[in-house]
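Asks: Residue strings, one per chain:
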Amino acid sequence: KQEVTQIPAALSVPEGENLVLNCSFTDSAIYNLQWFRQDPGKGLTSLLLIQSSQREQTSGRLNASLDKSSGRSTLYIAASQPGDSATYLCAVDPGTASKLTFGTGTRLQVTL
Amino acid sequence: GAVVSQHPSRVICKSGTSVKIECRSLDFQATTMFWYRQFPKQSLMLMATSNEGSKATYEQGVEKDKFLINHASLTLSTLTVTSAHPEDSSFYICSASGFQTVETQYFGPGTRLLVL
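Keeping their order, the protein sequence lines are chains A and B. Counting from 1, one number per residue, gives the positions in the first sequence under my numbering. Counting from 1001, one number per residue, gives the positions in the second sequence under my numbering.
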C-alpha cells in the first residue's frame, strides 16, 4: 500500500525567503506526482504535475523535482510571499484508475 | 476550462437525516468522478470512484449503503450521506477527470458537512 509523507508538517518563514517542501512515497511505481495548494476551508488548486519520466517542472516561482527511484519529490518556492500561505499537498498517481494517494500536507505561513 | 463545482458549500443537519451533495463539471464531460473526505488537519482520503452509468467503486472501509453515489450523467455526480451522525462531519471534496486527458483530476471547492 502506497504511503505518502510530507515534511515538515508546518513551516513559518519571513517574506522573501526561499523554501523547500518535501514529499516522500513508499512505492516508486508511480505514473505521476502532483503538488496542490489548499487554502483553509477550500478545495484544491493544482500547482505542478510531474510525469514519472520527468525530473522536474517549473511554473513561475515554483519548481518541483522528482526522484522516482528514491521515492522523493521536492517543491521549491522562491522569494516567498504572504499570499503563498496555505497548505501544500503532494499526491501520487499509480496510473491504475488514477487513484491518487495524498500526503499529509505541509502548512506554510509566510510572515511580513 | 475544466471547472468543477459543488453544492452546497456547507450544510448543517440533524443526526439521523440524509444529506445530498452535488458535484458538477461545468464545461467538460467527466468520464470519472472521485469523492474524497478530509477530516480536520488531515489529508484527503479517497472514498469512491464513479463512472457515468455504472455503480461506484468504494474504497475499503467505506460503507456503500451509507454513502450513496449516483453518477447519472457525464456532468453530475451526487453523494448522499444517509442517516448522518456527528462522526460523518467532515469536508467532502469531489474531483472529475476527462478534460483533455483521462489522468488529470480537477477538484471542486468542497462541501463542509456538520452533523449535530
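These are calculated hints, taken from the structure and not from any lab test. All of these numbers come straight from a predicted model, not from anything done at the bench. By construction, the Cβ of each residue, glycine as well, lies at the ideal position given by its N, Cα and C atoms. Mixed in with the good hints there might be a few duds.
One-sided and incomplete, this derived list gives chain B residues near chain A with beta-carbon spacing under 8 Å [to be verified]:
#1 R1024
#2 P1040
#3 L1046
#4 T1049
#5 S1089
#6 I1093
#7 Q1105
#8 F1107
#9 G1110
#10 L1116
BS3-like mimics (lysine-lysine), calculated; alpha carbons at most 30 Å apart, straight line [stated by the list, open to error]:
#11 B/K1020 / A/K68
#12 A/K68 / B/K1055
#13 A/K99 / B/K1041
#14 B/K1014 / A/K42
#15 A/K1 / B/K1014
#16 A/K99 / B/K1064
#17 A/K68 / B/K1064
#18 B/K1066 / A/K68
#19 A/K68 / B/K1041
#20 B/K1020 / A/K42
#21 A/K68 / B/K1014
#22 A/K99 / B/K1020
#23 A/K99 / B/K1055
#24 A/K1 / A/K42
#25 A/K68 / A/K99
Asks: Next step is simple, just say for each hint if it's right about the structure.
Replies: How the hints compare with the structure:
1. R1024: With a minimum Cβ separation of about 13 Å from chain A (threshold 8 Å), the hint on B/R1024 is violated.
2. P1040: 10 Å, violated
3. L1046: 6 Å, holds
4. T1049: At 6 Å from the nearest chain A Cβ, B/T1049 passes the 8 Å test, so the hint holds.
5. S1089: Violated: closest Cβ of chain A sits about 14 Å from B/S1089, beyond 8 Å.
6. I1093: Since chain A brings a Cβ to about 6 Å from B/I1093, closer than 8 Å, the hint holds.
7. Q1105: 7 Å, holds
8. F1107: 4 Å, holds
9. G1110: For B/G1110, the interface hint holds, since the closest Cβ of chain A sits about 5 Å away, which is under 8 Å.
10. L1116: Violated, because the Cβ-Cβ distance from B/L1116 to chain A comes to roughly 19 Å (cut-off 8 Å).
11. B/K1020 / A/K68: Judged against 30 Å, a Cα distance of about 40 Å means the pair is violated.
12. A/K68 / B/K1055: Not satisfied, since the Cα-Cα distance of roughly 34 Å exceeds 30 Å.
13. A/K99 / B/K1041: 21 Å, holds
14. B/K1014 / A/K42: Status holds; Cα separation ~24 Å.
15. A/K1 / B/K1014: Judged against 30 Å, a Cα distance of about 36 Å means the pair is violated.
16. A/K99 / B/K1064: 18 Å, holds
17. A/K68 / B/K1064: Outside the cut-off at roughly 35 Å; violated.
18. B/K1066 / A/K68: With Cα atoms ~38 Å apart, B/K1066 and A/K68 exceed 30 Å; violated.
19. A/K68 / B/K1041: With Cα atoms ~27 Å apart, A/K68 and B/K1041 stay inside 30 Å; holds.
20. B/K1020 / A/K42: Distance of about 19 Å is within 30 Å: holds.
21. A/K68 / B/K1014: 47 Å, violated
22. A/K99 / B/K1020: 23 Å, holds
23. A/K99 / B/K1055: 17 Å, holds
24. A/K1 / A/K42: 28 Å, holds
25. A/K68 / A/K99: 18 Å, holds
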